[in-house]
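Asks: Start from the sequences and build out the full structure, keeping to the hints where you can.
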Amino acid sequence: MSYLDNLEYIKEIDKAGMLSCVEKAPEHILNALCFDVSLEIKDEYDGIVISGMGGSAIAGDMLIDLFCDSLEKRIYVNRGYRLPSFIGKKMLFLAISYSGNTEETLAALGEAEKRGMPIICLSSGGKLKEIAEKKKYPFVSLPLGFEPRAAFYSIFTLLIRTLEEISFIPSLSAQFREAAEELKKLKNDLGSQKPEKENELKKIAQQIKGKIPVIFSSNLLTGACGLRLKNQLNENSKLVALLSLFPEIDHNEIVGFAGLEKNGNPFSVIILRDPEESGRLKKRIEITKKALKPAFEDIIELFPKGNTKLSRFFSFVFMADLLSVYVAILNGVNPSPVDAISRLKMELKD
Numbered sequence: 248m249s250y251l252d253n254l255e256y257i258k259e260i261d262k263a264g265m266l267s268c269v270e271k272a273p274e275h276i277l278n279a280l281c282f283d284v285s286l287e288i289k290d291e292y293d294g295i296v297i298s299g300m301g302g303s304a305i306a307g308d309m310l311i312d313l314f315c316d317s318l319e320k321r322i323y324v325n326r327g328y329r330l331p332s333f334i335g336k337k338m339l340f341l342a343i344s345y346s347g348n349t350e351e352t353l354a355a356l357g358e359a360e361k362r363g364m365p366i367i368c369l370s371s372g373g374k375l376k377e378i379a380e381k382k383k384y385p386f387v388s389l390p391l392g393f394e395p396r397a398a399f400y401s402i403f404t405l406l407i408r409t410l411e412e413i414s415f416i417p418s419l420s421a422q423f424r425e426a427a428e429e430l431k432k433l434k435n436d437l438g439s440q441k442p443e444k445e446n447e448l449k450k451i452a453q454q455i456k457g458k459i460p461v462i463f464s465s466n467l468l469t470g471a472c473g474l475r476l477k478n479q480l481n482e483n484s485k486l487v488a489l490l491s492l493f494p495e496i497d498h499n500e501i502v503g504f505a506g507l508e509k510n511g512n513p514f515s516v517i518i519l520r521d522p523e524e525s526g527r528l529k530k531r532i533e534i535t536k537k538a539l540k541p542a543f544e545d546i547i548e549l550f551p552k553g554n555t556k557l558s559r560f561f562s563f564v565f566m567a568d569l570l571s572v573y574v575a576i577l578n579g580v581n582p583s584p585v586d587a588i589s590r591l592k593m594e595l596k597d
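Under the working numbering, think of the first position of the sequence shown as 248, with each following residue one higher.
Worth double-checking, as some hints may not be accurate.
Using C-beta positions, here's what the derived DEER-type ranges look like [said to hold, decoys possible]:
(1) Asn578 with Glu500: 35 to 41 Å
(2) Leu286 with Lys361: 19 to 25 Å
(3) Lys509 with Glu291: 57 to 63 Å
(4) Phe514 with Lys450: 46 to 52 Å
(5) Leu280 with Gly511: 46 to 52 Å
(6) Lys432 with Lys536: 24 to 30 Å
(7) Pro390 with Ala587: 50 to 56 Å
(8) Ile588 with Lys444: 32 to 38 Å
(9) Asn253 with Arg362: 51 to 57 Å
(10) Gly526 with Phe282: 39 to 45 Å
(11) Gly372 with Ser285: 16 to 22 Å
(12) Ser346 with Asp316: 54 to 60 Å
(13) Asp316 with Glu447: 27 to 33 Å
Bear in mind the hints are in silico, worked out from the structure with no lab data behind them.
Glycine included, C-beta positions come from ideal geometry on N, C-alpha and C.
Replies: Structure representation (structure tokens):
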């Protein structure tokens with residue numbers, strides 16, 4: 248029996264139940280639709296700044312990919328302590344930190360205050376909630392009890408609902424429900440109960456075991472989903488993983504990867520595909536695959552599910568999360584602890 252089909256072994260490795268948490272993603276989406284999001288923003292603004300780290304920032308990246316063809320107002324994702332000089336009081340600042348204590352986000356919030364920007368805060372508590380209550384900033388509460396990266400479905404849903412509430416984007420509530428239904432189907436096809444011989448993701452986990460995954464995704468299409476996969480392989484699987492974007496790949500990295508020898512090649516390529524790829528992008532990806540084939544045993548392609556862009560994004564995130572936990576289990580590592588991050592934060596306190 249494969250380790251990935253042995254539910255007792257999985258429980259032994261996955262002590263905090265990360266796999267179970269991932270498989271509840273449809274519930275996380277539907278629960279977030281029930282949260283109260285009542286906001287009043289009277290200021291006029293030219294665009295929004297989403298300031299956060301990790302999954303909070305990826306929620307912003309995904310928002311850009313989702314609305315890149317339809318929004319006229321600017322969305323800028325800020326990862327770090329400072330804000331660039333072009334950001335000022337004509338932009339709405341959204342501070343997102345699941346814990347509420349992310350120091351980079353709190354520092355950027357301080358800069359936004361100095362510039363007189365309208366502010367909305369999203370967190371499950373911590374200093375960010377304290378600041379919002381003290382200064383009467385609009386506040387959106389995130390659900391408690393998750394590892395920050397496992398709260399992504401709630402964070403992204405509530406970010407979208409926040410922007411709906413202030414009329415920045417149209418309502419997507421029906422699409423969220425469709426996405427949740429799509430994830431329920433994916434759970435049946437790719438979840439822990441589906442045997443490896445019939446489970447695409449469990450097979451892929453076996454293929455990339457012992458390799459350095461290189462994710463290829465496409466700018467303003469699957470880019471944010473590719474970053475989610477890379478980060479989940481970093482944190483859950485404890486692997487080095489790399490991300491590159493089409494079409495930029497074909498202006499530099501293709502040379503390095505195509506020059507590798509198949510024997511001893513430490514990398515495994517995963518390409519995220521999408522039905523909205525343009526004809527030129529499709530052709531580019533196929534030519535790139537052909538160029539890389541002599542250097543790689545397998546070139547893995549992941550295709551999303553769903554009729555809407557939102558459903559497809561959530562399906563990619565769900566597959567990324569499941570795959571990263573499966574790889575962790577194959578490597579015999581508990582997916583939940585992130586000791587290197589915890590140590591770094593402790594040292595930063597000194």
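Asks: Given a hinted range of 51 to 57 Å, is it respected by the beta-carbon distance of Asn253 and Arg362?
Replies: Holds, since Asn253 and Arg362 (Cβ atoms, about 55 Å apart) stay within the stated range.
Asks: Does 54 to 60 Å hold as the CB distance between Ser346 and Asp316, or does it fail?
Replies: Taking Cβ atoms as reference, Ser346 and Asp316 lie about 34 Å apart, which means the hint is violated.
Asks: Do the Cβ positions of Lys432 and Lys536 conform to the proposed distance bound of 24 to 30 Å?
Replies: holds, 28 Å
Asks: Quick check: does the Cβ-Cβ distance between Leu286 and Lys361 fall within 19 to 25 Å?
Replies: The hinted range 19 to 25 Å holds for Leu286 and Lys361, with Cβ atoms some 23 Å apart.
Asks: Do Asn578 and Glu500 keep their Cβ atoms within the hinted range of 35 to 41 Å?
Replies: Roughly 26 Å apart at Cβ, these two residues miss the hinted range, so it is violated.
Asks: Indicate whether the distance between the beta carbons of Gly372 and Ser285 respects the range 16 to 22 Å.
Replies: Taking Cβ atoms as reference, Gly372 and Ser285 lie about 19 Å apart, which means the hint holds.
Asks: Does 46 to 52 Å hold as the CB distance between Leu280 and Gly511, or does it fail?
Replies: Since Leu280 and Gly511 have Cβ atoms about 49 Å apart, the given range 46 to 52 Å holds.
Asks: Ile588 and Lys444, beta-carbon distance inside 32 to 38 Å?
Replies: holds, 36 Å
Asks: Kindly confirm whether 46 to 52 Å is satisfied by the beta carbon distance between Phe514 and Lys450.
Replies: violated, 18 Å
Asks: Taking the beta carbons of Gly526 and Phe282, is their distance inside 39 to 45 Å?
Replies: holds, 41 Å
Asks: Per the hint of 27 to 33 Å, is the separation of the Cβ atoms of Asp316 and Glu447 within bounds?
Replies: holds, 29 Å
Asks: The hint says 57 to 63 Å between Lys509 and Glu291; measuring C-beta to C-beta, is that right?
Replies: 58 Å Cβ-Cβ, so the 57 to 63 Å window holds.
Hints 1, 4, 7 and 12 from the list above are not met by this structure, while the remaining hints are.
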